[in-house]
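Asks: For reference, the chains in residue letters:
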Amino acid sequence: MSAAPLRVLIVDDEAPARARLNEVLADCAPEIPLEVVGEAATARAALELLAATGADVILLDIRMPEMDGIELAQHLQKLQQPPAVIFTTAYDAYAIRAFEVHAIDYLLKPIRSSRLAEALKRVGSVRAPSIEALRDMSKDSPAFLSAQERGRIHLIPVEDVIYLKAELKYVTVRTQSREYLIEDALARLEQEYPDRFVRVHRNCLIARAAVRGFERNNVEGEAQWLVLLDGCEEKIAVSRRQQHIVRELGRP
Amino acid sequence: MRGYGAELRDASDRTRVSIINQNAYTSALPNFRNLGILLRILLIVNVCAIAAAIVKAPALKLAWSQLLDISALVQPLLFIALLALVALNDFLRRLPYALGVAAVLGLVVGLDALLAAVMGGTSAAAATSFERTAALTLLTAGMLLAYFDLRGRALSPALAEARLQALQARIRPHFLYNSINAVLSLIRQEPRRAEVALEDLADLFRVVMSDNRELAPISREVELCRQYLDLEQLRLGERLRVEWRIDKMPHDALVPPLLLQPLLENAVYHGIEPRVEPGEISIDIYASRNQVHAVLRNPYSMEGTHHSGNKMALNNIRERLQLHFDAEATLETRIRDNTYQVHIVIPYVKATEA
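First to last, the sequence lines map onto chains A and B.
So that you can map any letter, position 80 of the first sequence is 80 in this note's numbering, and since no number is skipped, the others follow by simple counting.
So that you can map any letter, position 155 of the second sequence is 155 in this note's numbering, and since no number is skipped, the others follow by simple counting.
With the rest of the complex left out, here is chain B (with noise of 0.2 angstroms):
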């Protein structure tokens, strides 16, 4: 089993994707290499010692020594159990689940008794206990699997689909409308440039309506956006202004669609359309380490802004990003020197690798 984020992180997994919605759920290990799963790992499993030296311990104030021991055990352990299962992953997870689960748990024994027969020489203690310390890494580690599988069940993409489509990003009526107004505004006088507004019309529509709940190209994204700046440069002429910096952006990674269009649309309504002066519209987008960062900025006025639309869209960016990447992607929003600013870091998940 493993979380939703990582389904949707595999195109390959169109056939998985059809069997959930029949319903089904098939066991997988858990990705070793999210972020949001090792952390789990880590906590847990340091929640457990802290439990074990309470109960080992005779009074509550020793209970600090006692876990000193127990650690000096345990964290030599769960690093290097982590970093084998950082390293293993891809050829673990493609293990049928059952054998994948006997891999785990033998690693997890190998590397202890390792661990155990490199300290041997230096802790007898350690030498000694070995058969106990075997025992509780197995009952961990299997609890863990346990217990990724029961949230893997919990997040079912079923239920995590129900989700995402629920949350599918909405165009607001008032632009549907004014932009229709624009185009009939243009069909006398420049049939020509009503023709390809309506086109542009039609191609946003076709995304907003369609099924977004796997990943696209960022390129894509950015090709719908432009459509839709162009649409509202219409309505606008020169109070909008648009700067693009996509030279390093990395065209190959996949985003959730529909994650930057209602952030523009929120920048269009909130930070265009209340000036009677010409205002600009920037976004950033590029790679950085294995992260894309996506940089939007608008001009921020106090007076006129009704913020829980923004909110809205904001909030259902937010839960799509975390249903698709779990800890790992980040959305935050700032207000400087009159400016507002919205910015993504998603992890760089390209699409050759899907």
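Just chain A, with the same shape it has in the complex (with noise of 0.2 angstroms):
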């Protein structure tokens, strides 16, 4: 570790808890340098108070609303150097189950300042938890897609999204104001979110929920469907191969 003292977030969504990490760390303090950058009640304002101050390690709470601390996780595996993670959980035997698999460090509230220390003197040494593993833990799908763009994290409401495309390297995320460039593979999150969207085209997937109707289109003398979407101006071509979802998502 360099001499620069640890810079740290503490994210959790009860203020008491917070509180309590804020007294434990400080407590920390004279056996290894360090100095809380902030304290986030939500990932969101985690992902926020990030781009603003950055931090070498975040303190995170698994159970929170909107996006718990796994997801936030996995979001955050994104940037180019991401801080270190350490969870913490009141209780939670499925996640410290994973945990343990996964080799991932974790701490029980309430947390003990020798254990909080133990773990800070490791940050740096271990690998950061890998986004399968990640995935891997989480119960339920996220519920946001995340673009990186200028060490920033942009999160994507899955519902928000009209289409995803695949480009060469990218896949282009589409929401009624804007495109993100994303990290991902479509074949994955055509996977994971089987339910929301359907492919069309061996590049692109659409959200059944914004398809408004289809229109028959000649090509060069052949003809083809391309589905309209709500909130977006741009047809999208339906391949050959999936005209099959023509007749079963609309009337033509």
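None of these hints come from the bench; they were simulated from the model.
Beta carbons: idealized from backbone N, C-alpha and C, even for Gly.
Treat the hints loosely; a few may be bogus.
[As the list claims (entries may be wrong)] If you anchor each label on the Cβ, the simulated ranges turn out as follows:
no.: 1; chain 1: A; residue 1: LEU181; chain 2: B; residue 2: GLU243; range: 44 to 50 angstroms
no.: 2; chain 1: A; residue 1: ARG44; chain 2: B; residue 2: ARG336; range: 27 to 33 angstroms
no.: 3; chain 1: B; residue 1: ARG245; chain 2: A; residue 2: PRO157; range: 35 to 41 angstroms
no.: 4; chain 1: B; residue 1: ARG220; chain 2: A; residue 2: ARG44; range: 41 to 47 angstroms
no.: 5; chain 1: A; residue 1: SER130; chain 2: B; residue 2: ILE335; range: 50 to 56 angstroms
no.: 6; chain 1: B; residue 1: ASP252; chain 2: A; residue 2: ILE131; range: 56 to 62 angstroms
[Stated by the list, open to error] The following residues of chain A were derived to be distant from chain B, with all beta-carbon distances above 10 angstroms:
no.: 7; residue: ALA4
no.: 8; residue: GLY38
no.: 9; residue: ALA51
no.: 10; residue: ALA98
no.: 11; residue: SER114
no.: 12; residue: ALA166
no.: 13; residue: GLU222
[Stated by the list, open to error] Partial list, computed: chain A residues near chain B (C-beta under 7 angstroms):
no.: 14; residue: GLU14
no.: 15; residue: ALA15
no.: 16; residue: PRO16
no.: 17; residue: ALA17
no.: 18; residue: PRO65
Hints are included, so try docking the two chains, each in its own frame, into the full complex.
Replies: Laid out in structure tokens, this is it:
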């Protein structure tokens, strides 16, 4: 570890839990130089703080409203230099078993300063949990996709997505307001959200809920179906192989 | 003999409970004021009548007219006998069991004779066959009493008690550790609040870990729920809003201990914790006619719910209600307008009656 103090971010939805962590961190400070750079009550707030201040390590509660700690940790992995993550939990037999399996660091609340100090000392020497391991641990599919832009992570609610289009190395995510590029695979997204998205083309998934209708088009004498989508002007071509979805999804 | 529900309702039966603990079973007449008992009597007598009609009829098609004839004899007696048993319930059950059985049998035969005398003028059949109907009445009544005795033994308090014990409400470990963590956070800055919180926690666990087989006043349950919600408030702050509407609560009503607390725990876990915005839990308790109603509401959100835990608590409470009150208590849940509601109805058993 460098001589610079360890920069710590606290994320927990309960104020007393954050207060307690602050105290225990203060107890560790004589042993390990550290500095609390911020506290966040939600995963969103944590991402904003992280973009604004940066942090070496994030103490992350698992059970939080809107987005739990495990999903937040997945999005954090998109950063070039993700902070080290130490999960905290009061009791979650399921998560704890998974942590053991994947050798991911976690602390049980109430947290002792000696245990916290040990965990902080290991920061930097342990490998970050893989995104696959974290995905494996989630009971539900993440409610957000995330895109990394200039060191910031943008969260895209999955329910806002109109279509997903595979480009060379990336997937373009289209929402009503704008487009994002994410590093992911179309096949994986199709598998993760089978009820929400449907494949209309080798390189495109559309949101079932956004389908407004279909349109017949003639390209070089060959007939083709186009999907009309709510919230976006663009029409998406349906490939020959996927034509059955025209019948399944709508009234042409 | 009587149902175990009645057993627990009478707190004066403490001695009986200790006898039960030694695994002895004392026969007693059923509680004729219990709806479940009355329904069982009605059902069994009518099934017997149908069987008799089928036996008597030369062909199955003709059983219906036979049944009408039999009903003309059976139904008036059945209803009058039930009314008499409801009215004399307390007196009959105070008698020693053998005397009680004799009194019940004497009562039904007496009523039979009375009916025969009243109807004798109009119906010749009723008058001539009094001996037969009296014998049948005695047999049916005897059989019913034997059935209730057997049922009482099957549901023998020792067994029901073992089930009750196994059903004792449990608190989520999640709540315990989070609460301890919250108290720890107060110790340095606000030691007084920490003291109160620890006292609440101690009270809560005293009840959770104690013997909860006997009914307790609802006011005590409400007090416990307040202490529980205070602890949750400590953690959740303004995210948790609580609205009590208990002006019309009958303070002396008896309920199974930890009837409401596990439901509030569910409400916090599934209704408040998954939300970023504040949410309200409301509790209405009131008496209506001879029943006590408790209605709990909390915000409901589709996402992030682990229903298995919720079901477990609900089934636990349902089963305990059944053991205490048989068919007289109900627990219903419903979801409407993003609100999850639990509605409990139990018979109004007053503490002073015990």
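Asks: Given a hint of 56 to 62 angstroms, does the C-beta separation of B:ASP252 and A:ILE131 actually sit inside it?
Replies: 60 angstroms Cβ-Cβ, so the 56 to 62 angstroms window holds.
Asks: If you check the beta carbons of B:ARG245 and A:PRO157, does the distance land in 35 to 41 angstroms?
Replies: holds, 37 angstroms
Asks: Given A:PRO65 was flagged as interface, is its beta-carbon under 7 angstroms from a beta-carbon of chain B?
Replies: holds, 5 angstroms
Asks: Say whether it holds or is violated: A:ALA166 keeps its Cβ farther than 10 angstroms from all Cβ of chain B.
Replies: The claim holds: A:ALA166 sits with its nearest Cβ about 28 angstroms from chain B, beyond 10 angstroms.
Asks: A:ALA98: least C-beta distance to chain B exceeds 10 angstroms?
Replies: At roughly 16 angstroms from the nearest Cβ of chain B, A:ALA98 sits farther out than 10 angstroms, so the non-interface label holds.
Asks: Does the closest beta carbon of chain B sit nearer than 7 angstroms to the beta carbon of A:GLU14?
Replies: holds, 5 angstroms
Asks: Starting from the range 41 to 47 angstroms, see whether the pair B:ARG220 and A:ARG44 falls in it by beta-carbon distance.
Replies: Because 43 angstroms falls inside the window, the suggested range holds.
Asks: Kindly confirm whether 50 to 56 angstroms is satisfied by the beta carbon distance between A:SER130 and B:ILE335.
Replies: Given a distance of about 39 angstroms, which is not inside 50 to 56 angstroms, the answer is violated.
Asks: How about A:ALA15: closest beta carbon in chain B under 7 angstroms, or not?
Replies: holds, 6 angstroms
Asks: Could you say whether the range 44 to 50 angstroms given as a hint is met by the Cβ separation of A:LEU181 and B:GLU243?
Replies: Because 48 angstroms falls inside the window, the suggested range holds.
Asks: Holds or violated: A:ALA17 as interface residue toward chain B, Cβ cutoff 7 angstroms?
Replies: holds, 6 angstroms
Asks: With a cut-off of 7 angstroms on the beta carbons, see whether A:PRO16 makes it to chain B.
Replies: holds, 4 angstroms
Hint check: a violation occurs at hint 5 only; the rest are consistent with the structure.
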